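Top to bottom, those sequences are chains A and B.
If you count the first sequence from 1, position 2 lands on 57 in this note's numbering, and the numbers rise without skipping.
If you count the second sequence from 1, position 110 lands on 158 in this note's numbering, and the numbers rise without skipping.
Don't read these hints as lab results, they were simulated from the structure.
Here the structure is a predicted model, which is why all the values come from computation and not from measurement.
Residues from chain A that face chain B, not an exhaustive set, calculated with beta carbons under 8 Å: (1) Val63; (2) Glu71; (3) Pro114.
The beta-carbon is built from N, C-alpha and C at its ideal position, and this holds for glycine as well.
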Amino acid sequence: MKLLTCPVNGTRPLSEFIFGGEYRQAPEQNSCTDAEWAAYVHNRHGAPGDKKEWWYHSPSGTWFIAERNTLTDKVSSTYLLSQKNLNEEKAAQEAGK
Amino acid sequence: MQALNESLNAKKDSKTALKTTPVAHAYIKTTAKWAIVNEMEIAVEFASNDIEQTRKKVLGITDVSCFERYGIKGPQASKWLADHELAIPSNPNSWALSNQKDLVLRLGSSEFLIEDQLDDVASKKLADITRVEGLYPVVRADAAFILSGSEVLNLFSELCSLDLRDSSLLANDVVMTQVAGISAIVMRQNLNGEQVYRLWCDGTYGSYMWEMLLEVAVELGGGAVGLSSYKN
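Throw the hints in and build the complete structure from the sequences for me.
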């Protein structure tokens, strides 16, 4: 049985989860070029490797990010998007000291 | 469908029921005694008291969808509970008993499910007065069950992939997982001095869940138990 760890509910069988696509940062829509926006909307990076992905734990309704190598199918970490933002802010503050 | 509705209507009491248990379509195959509890038409006896008590000890499945329940969510949810002197479970995925009769489940950092036990009507009263900014009612239409008896963990081992033994499922844990392939909430509770498991799932899966639970229960020597056996 394949397992995945929800950051809120713990380790569960993969059947409880739904894949939500790659996590991608949208370009700033008011300042980006048409080509940049079109690339964001239409293009996907299909080469296998380390990816950030949206996953959904359906029994609890929890969306979270999984960092997964799509070649080896190894998940290195899972976290809520809000945790990621907090971690990045904390890292930026520490770097600014 | 018409025949089913006629059959259901024939079983109704003279009192007016505003709703019917979401498990009703599964009941139709049984010779249960029906009653209206909390304005919901529900089966309260499936067999004689002796048979039901024996089933309860081995593996009893009881439909308690008629318990009043009420969901709230939003940034003001914890404060609202505190203002109404309801217990607030300390962590998400945990539960607390308030005033010995109101079950409060914390389903997320700011989402709660409040359920009355047996004859209490607190959550119904609270539902009528909820008009607060930052507090959003969540309509609950769950099918709810009590699972009791010595074989209950064997039932879960067939229908759920999680370990729900005492050592894994702590006394105040709430688990959101899948049971028989359906998203469900599971917890352990002491009811009238007896340790039972509680299970909630979406009401539209009520009949399916009942049939799955009952099929395994009968295999393991148990069966359906009416709500009356918990009122005695």
